[in-house]
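> For reference, the chains in residue letters:
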Amino acid sequence: MRKLLATFALMLAMMGPVVAVTPEEILPNPQMEARARDLSAQFRCLVCQNESIDASDAALAADLRKIVRERIVAGQSDAQIKKFMVARYGEFVLLKPPFDTSTLLLWGTPVLVVGLWALVMLTRGRKAASEPDVPPLNADEEASLARLVESGS
Amino acid sequence: MIVEIGHFALILALALALVQTVVPLTGTLTRDASLMAVAAPIAIFQFVLVTTAFLALMYAHVVSDFSVANVYENSHSLKPLIYKISGVWGDHEGSMLLWIFILASFGAAVAVFSRHLPNDLRANVLSVQGLIGAAFLAFTLLTSNPFMRLLPAPLEGRDLNPILQDPGLAIHPPLLYLGYVGFSVTFSFAAAALISGRIDPAWARYVRPWTLIAWIFLTLGIAMGSYWAYYSLGWGGFWFWDPVENASLMPWLAGTALLHSVSVMEKRDALKVWTIFLAVLAFSLSLLGTFLVRSGVLTSVHAFASDPRRGVYILAILVFFIGGSLALFAWRASALKPGGIFAPISREGGLVLNNLLLTASCATVVVGTLYPLLLESLTGQKISVGPPFFNLSIAPFALILVLSMPVGQLLAWKRGSFLGAAQRLMFAILAGIAAALIMAALHGGPVLAPIGAGLAIYLIFGSVVDIYSRVFARGATSATALARARGLPRAAWGASLAHAGFGLTLLGLAATGWGVERIVNMAPATTYALGPYQVIYDKVEHRKGPNYDETYTTMRILDDNRLVAQIEPSKRFYPARKSETTEAGIKTLWLGQVYVSIASEKLDGTVDARLYWKPLVSLIWLGALIMALGGLVSISDQRVRIGFARRAGAARAKAGLQPAE
Numbered sequence: 054m055r056k057l058l059a060t061f062a063l064m065l066a067m068m069g070p071v072v073a074v075t076p077e078e079i080l081p082n083p084q085m086e087a088r089a090r091d092l093s094a095q096f097r098c099l100v101c102q103n104e105s106i107d108a109s110d111a112a113l114a115a116d117l118r119k120i121v122r123e124r125i126v127a128g129q130s131d132a133q134i135k136k137f138m139v140a141r142y143g144e145f146v147l148l149k150p151p152f153d154t155s156t157l158l159l160w161g162t163p164v165l166v167v168g169l170w171a172l173v174m175l176t177r178g179r180k181a182a183s184e185p186d187v188p189p190l191n192a193d194e195e196a197s198l199a200r201l202v203e204s205g206s
Numbered sequence: 016m017i018v019e020i021g022h023f024a025l026i027l028a029l030a031l032a033l034v035q036t037v038v039p040l041t042g043t044l045t046r047d048a049s050l051m052a053v054a055a056p057i058a059i060f061q062f063v064l065v066t067t068a069f070l071a072l073m074y075a076h077v078v079s080d081f082s083v084a085n086v087y088e089n090s091h092s093l094k095p096l097i098y099k100i101s102g103v104w105g106d107h108e109g110s111m112l113l114w115i116f117i118l119a120s121f122g123a124a125v126a127v128f129s130r131h132l133p134n135d136l137r138a139n140v141l142s143v144q145g146l147i148g149a150a151f152l153a154f155t156l157l158t159s160n161p162f163m164r165l166l167p168a169p170l171e172g173r174d175l176n177p178i179l180q181d182p183g184l185a186i187h188p189p190l191l192y193l194g195y196v197g198f199s200v201t202f203s204f205a206a207a208a209l210i211s212g213r214i215d216p217a218w219a220r221y222v223r224p225w226t227l228i229a230w231i232f233l234t235l236g237i238a239m240g241s242y243w244a245y246y247s248l249g250w251g252g253f254w255f256w257d258p259v260e261n262a263s264l265m266p267w268l269a270g271t272a273l274l275h276s277v278s279v280m281e282k283r284d285a286l287k288v289w290t291i292f293l294a295v296l297a298f299s300l301s302l303l304g305t306f307l308v309r310s311g312v313l314t315s316v317h318a319f320a321s322d323p324r325r326g327v328y329i330l331a332i333l334v335f336f337i338g339g340s341l342a343l344f345a346w347r348a349s350a351l352k353p354g355g356i357f358a359p360i361s362r363e364g365g366l367v368l369n370n371l372l373l374t375a376s377c378a379t380v381v382v383g384t385l386y387p388l389l390l391e392s393l394t395g396q397k398i399s400v401g402p403p404f405f406n407l408s409i410a411p412f413a414l415i416l417v418l419s420m421p422v423g424q425l426l427a428w429k430r431g432s433f434l435g436a437a438q439r440l441m442f443a444i445l446a447g448i449a450a451a452l453i454m455a456a457l458h459g460g461p462v463l464a465p466i467g468a469g470l471a472i473y474l475i476f477g478s479v480v481d482i483y484s485r486v487f488a489r490g491a492t493s494a495t496a497l498a499r500a501r502g503l504p505r506a507a508w509g510a511s512l513a514h515a516g517f518g519l520t521l522l523g524l525a526a527t528g529w530g531v532e533r534i535v536n537m538a539p540a541t542t543y544a545l546g547p548y549q550v551i552y553d554k555v556e557h558r559k560g561p562n563y564d565e566t567y568t569t570m571r572i573l574d575d576n577r578l579v580a581q582i583e584p585s586k587r588f589y590p591a592r593k594s595e596t597t598e599a600g601i602k603t604l605w606l607g608q609v610y611v612s613i614a615s616e617k618l619d620g621t622v623d624a625r626l627y628w629k630p631l632v633s634l635i636w637l638g639a640l641i642m643a644l645g646g647l648v649s650i651s652d653q654r655v656r657i658g659f660a661r662r663a664g665a666a667r668a669k670a671g672l673q674p675a676e
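Protein chains in written order, with the working numbering: chain A, 54 to 206; chain B, 16 to 676.
So that you can see chain B by itself, here it is in the shape it has in the complex:
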C-alpha cells in the first residue's frame, strides 16, 4: 500500500510539474500576477509529493519488501540498516528518484527563499525548474520506475553490489547530486533572464548564493568520491580520469568559472554574456554527466545500442535542454547590453583569464571523455583516452591557473598593476622557490614533485597576502588587526580560503611523488620498512560479518620499535553476489597515511600485500574541504546573504520606490 502511495505521489508530481511549467510562464507572458503567483505553492507541493515517493521507496527497502523489484534487485534481509537506507540510491532507478528528490528540494527552496525576487523572474525560474522536473519525472516513470512489483514475491533479495556496501554510498551520491542538481537553479535563472531579455547586477546577486551552494556540494561530492575510491580500491589511487569521474569534474570546472564570472557581473556589470553562457553550460554538463552515467553508453557503445530506451530518452532530454537553452542564448544574447569596460590587466581581466583556463580545461575533459565514444560510433575505430592523455593536456592550463590565481586576487578592478601585484607577492614567490629547492634537495624524487610543492606553497601564501596586508597594514595593534579582520568582507575571506585550499590539495598531489610503495609477500613476524615507519604482519584470521565472510590480518605499525598503531587490512567475501571486496588498513599519521591492502593469503601463512607510505596524502581531501569552507564563508557574506536582499527589498517597498531592476 505504502509503495503504491509513493508511486501515485510520483505520478501526481509529474502532473504538478507540468502545471508548474505552463501556468507561471503564461502568467509572465500575459502579465497576469495571479498566474505567476501559482508557481511557488506548486513547487512546494511538488516537493511534498516527491518526498512522499522517496520515503515510500526507502520504507520498502528498510522493511525488505522483496515484492518491489527494485528492493529485490538491490537488497538483502541481512544487510545492515544503513545500507538498506543508502541502498535506495544504489542502483539506476533509485538514483533517478534521488535526483528528482533533490531537484524538487531545490525547487521548493527557490520558492521559499526568493520572495524578494521580482515576480516575473521568480515565476520564470520556477517554470523552468518545473520543466526540468517534468522531464526527469517522466523519464523515471516511463523507463526506470522504482515502484514496479514482482509477482510472486521472491523470498530473499539479491543483495547490493558489495563495493557499494560502504558508508561512502550514504554520503557521496547525495552530495554529488546536490551539486549537479544545484546547477539547475542557476540554469533556470539564466533561462529566465534570457526569456525576459533582462539581466543586471541584481540578477547576479540572486544567482550567486545558488551557484555557491551547488559548487560547495559538488566540491565535497567529488572529494568524497575520490576518497571512497582511494580507500576501497586497494591500491591507493584517488583519481582515474574515468568517464564517471570526468562527468562530475566537467560541471565543477564550468561551475567554478561561473562562480568567478558571477562576481564580476555583480560588482562591475561586465561579462554578462559569459555568465549566462556558463550558467547554461554548468547544468548542461551536469545533464551530460547524467546521460553518460545513466544511459549505459560507457559500458560499451553496443550495450547502449542493444537497449537504447533509457539512453535515447536521456539523450532527448539532453538535446532538448542544451539545444533549447543554447538556441535561446543565441537568439537573446545580442540583446544583453555589454556592461562596464576594463583594461586587460585588471581584476576583471584576471577573471576572464580564469574563465578561459577553466573552460578550456573543461572542453578538454569533455572531448577526451566523449571522443572514444563518438569515434567508435562514427568510424568503428576503437581508441582509449586515459590518464596519460588528461594529465598531459590539463597540466599546462593548471600551471597557468595556479600561477595567476594569487595575482588576480591582488589586481584592482578596472585597471590594475601587474608589477604592483608581483611586488606584493614577492614573499610568496620566494617561499615557493625555496620550498621547491629544499624539497628537491631533501627528498629528490620525480622532478614534478618539488615543482608542484613549490607551486602549492606559492599559492597558499599568495592566497592570504591580500587578507594579511589588509589586516596588518601600517601600525596595526592586535586590537585594530582583529577589528580589521572582522571588517573585511566575508567574500574576500572565502576567496582566500578557497584558493589556499586548492593550494593544499596541490601540495597533497605533489607529495604523491615522494610516496613509497612495496609489493611483498609478507611472512609473519618479519619487519618491513615503509618510509619512516616499519610494518610487522602478525597473523591472519577469519571472522563472519552480517552478510559477508572476512579474512583479516593483524599488522603493527612501528616507529623505531615504538608501536604507533595497529591495522587490520582484510578481504571480504559476499556470498549473495559471490563477490569480493578489499578493505585496506589505513592509519593517518600526521598528514600522511600508511595504507596496506592484502591481495591473497598463502597456505604457508604468508600474505601478498601492497604497502604504501603516502606523505601528506590527506591534504588532497582536506584541501577540498577547505575550498568548500571558503565557499560557505563566502555565502555568509552580508552582500550575498539572501535575507539581506529581502530586507533591502522590504525597505524599498516601505519607501514606496520601484526596485531599480
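This is chain A alone, in the form it adopts within the complex:
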C-alpha cells in the first residue's frame, strides 16, 4: 500500500505544475507581476470554458501566462501585449470584447434598454398628463346632469 501511495506521489510530482500561476512564474518585480496578473485576467484560456488564463490549470494557459510575463519584462505596454495576443489568437482571446460593429448590440444593450424605458415613460407620462383622469360623461350622464341643473335652478 505504502509503495502504491509513494508511486502515486511521485506521479503527482512529475505531473509538474497543474494549477494556475505557480511560484516559479512570478516575476521578481512586484509592479510588473501585478500588471501581469491584471492582464492575465483579461485573456481567455482558449481551451477552457470561460476561464481566464490567470485562473486556469491548463498547460496552454501556463504558456500564455509565460508569454505575457516575457513581454512585460521586455518592456512592452499593455496595449502592445493585447495587440499581440489578438493577432495571434483572434478576438476570441479577449474576455472583454472590443467595441466595433459586430459587438454594437452587445455594448449597446444597457443604453438601449434605459433609452426605451425613458421613451415609454415620457410618452405615457405626457399621455397621462394630457388626458383627464376621469372619463368624459356619456350622453345619459350629460342628460341627467342637465336635468339636475335645471331642477336645481
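Any given hint might turn out to be false.
Said to hold, decoys possible - Part of the chain B face toward chain A, derived, beta carbon under 10 Å:
(1) L248
(2) D257
(3) Y386
(4) V531
(5) I534
Simulated from the structure, these hints should not be mistaken for lab results. In this text, a Cβ means the ideal position worked out from N, Cα and C, and glycines have one as well.
Chain B: place on chain A using the hints.
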C-alpha cells in the same frame, strides 16, 4: 421491478399532466364547475406519481443497480451514501427528473393551498402548470429517460464526477431548482390572468407568497452555488460570470423586480402590465437557463449542432412557452386597465426605477450570455464575453440601485418628498462617507474597495432608518418601542432585512479589494506572513478515502505565535475517473477567512501553495442568507399569509357576499 414501476409512474404522470392541462381549461371556458374541480386532485395525484418515479431512481442509485444506465454512468459501489443519493441529480437525466419532481411539488402545493382562490383562476393556474409539466415530462421520457436499462448489466459503475462528490451537490441544485421552478407558479398565475383578462390587487396578493418563495430559494441556491465554487475551485473565486451562473442570475434579477412590482400592484393597483410581464419574464428566463445548461449549447455551438435532439426539444419548449405567453400578453395586455396614478417622486416611482434598473441589468446579462453564441452561429465570428464586460456594464446600474434603495423605502405612496427622504437618510449618508474615508486612510487598496464599503455602510444604515424612526419615534420608552416594533408590518421588517442583507453582501464584495494573496513554494517549518496571521506548513502525508487517494498537508495558522487553528489543504485523486480535485483548507476567523490550497507536492518535501487572507469574505454569503431571511419574514406578514386570505374568504362566504374580484 422498482425501476420499472418508477418508469411507468412517470409515463402515467405525463398522461395525467395532459388531462390536467385540458380538462380544467375546458371547464373555465364552458363555465363547468365540475370540470374545473378536477384540477386540484389531478395535480396532487400527478405529484404522487412523480414522487414515486423520483424515489424509484433514488432507490436504484442507493442499491447501486448498475443495470440502470443512469446509475452505471454516475455511480460507484464504493461511493459514500450521501453522494449516492445526491448523485441522482448529478447528471442530465437525473437533473430533469428533479426538475419535474419540484414542478409537481409546486403544482400540488398550489392545489392544496389555494382553496380560497376563485374557482376559474385556480383551474387556469393548475392547467398552465399541467402544460409545463407535460412538456418537461415528455422531454424527459423521449430524450433523457433516466430509467433505461443496460444488458448485460456492468459489474461496476463509472463513478460520479469527483467535483460533484461534495455536500454542495446535495444542497445547491435542489435549492436552485426550487427557485427556478417556483417561478412557474407566478408564470401560471400570469397566464391565467391573461386568459381570463382579469387582474386586480387580489391577484397580486395570491401571487406574492409564491413569488417570495421562489425568490428565497433562488437567492439561497445562487449563494450556495457561489460558496461551493469558492471552496472547491482552489483559488477563492466566487463569481465568474459563467453562462451557467448567469443562467441563474437572470431569473433572480427578473424575480427581484417582480417581487417589488407585485407589492406596488397589491397596494396601489398600479404597474399591472409590468407585473404580468415580469412574471412571464422570470419563468421564461428560468426556461432559458434550463436550455443553456441542459442543451449542451454552452460547451460549443458545434456540440449542440452534432447532437441536437435534446437541444432542439428544449428550444421548442422555450419558444412555445415564451412565445405563447408573450403573444397572449400582447393580445391581452391592452385589456388590463391601468390602475392608480402616482407622481414620479413617490414609492411607486422608486419601485418603477427599481424595475428599470433590474430589468436593464437582466437584459445586459442575457445579451452578454447569448451574444457569443448568436454571433458565432450567425457569422461564424468567435468572441468571448467574460467578467471584465459584465463588471463594467452592470456596475453603473448597481451603483444607482444601491443609492436609491434606501431613498425608495422612505418615500410615501402616490407623492413623496425626495428632500424629506434625503434628510432622514443624513445619518446613513454621513456614516457611508465616513466609512469610505476611514477605510481608505487605514487600508488604502484599490479605489473601488473603500467606495464599495462606503456604499455598503450607507445601504445597511439606510435600510433600517425607516424601521428605526418608526420604532423610536418621539417619547419612546423601551416598552412602547417594543410594542411598536411588534406592531410594524412584517413586510416592512422583511424589506429592511433584505436590503440590509444586500448591503452586507456588498461590504463583503468591497472587502475583496483588501485581500492578501501569496503564491509560494512552501518549505516545512517556515513561517509565511498572511495579512494579520502567519501560516506554517508542517508536513505532507497520504491517506486513503472511501473512493479516492488523498495527499494532504498539515498547516498551522498563528496570530503572533498564538496557535489559532490547524488546516489540512489537500488534493484528492479519484481512480475511477482518473481525475483530481483540490480541497482548500479554510478557517473562518471573525468574518474573514484564511484560505489555503495546495497545487503540487515537490520531491524535496516543499509544496506549491496559494495562500489567501480574505477579510469579511463570509459577509458575501451571510448577506445573501439575511436577504433570504428578509423574504421569509415578509411571507409571514399577515397580509400575505395564505391562511389570512382563506379566513377572509370564509368570512365573506359566511356573510353570503360575493368576493369582490
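> All hints are to be evaluated individually against the structure, with a verdict given for each.
Hint check results:
With a least beta-carbon distance of about 8 Å to chain A, the hint placing L248 (chain B) at the interface is held under the 10 Å criterion. With 10 Å as the threshold, the beta carbon of D257 (chain B) comes within range of chain A, its nearest partner Cβ sitting at about 5 Å, so the hint holds. Interface hint at Y386 (chain B): satisfied, since its Cβ lies 5 Å from the closest Cβ of chain A, which is below the 10 Å cut-off. At about 13 Å, the closest approach between the beta carbon of V531 (chain B) and any beta carbon in chain A exceeds 10 Å, and the interface hint on this residue is violated.
Evaluation of the I534 (chain B) hint against chain A yields a held restraint, the C-beta minimum of about 5 Å falling below 10 Å.
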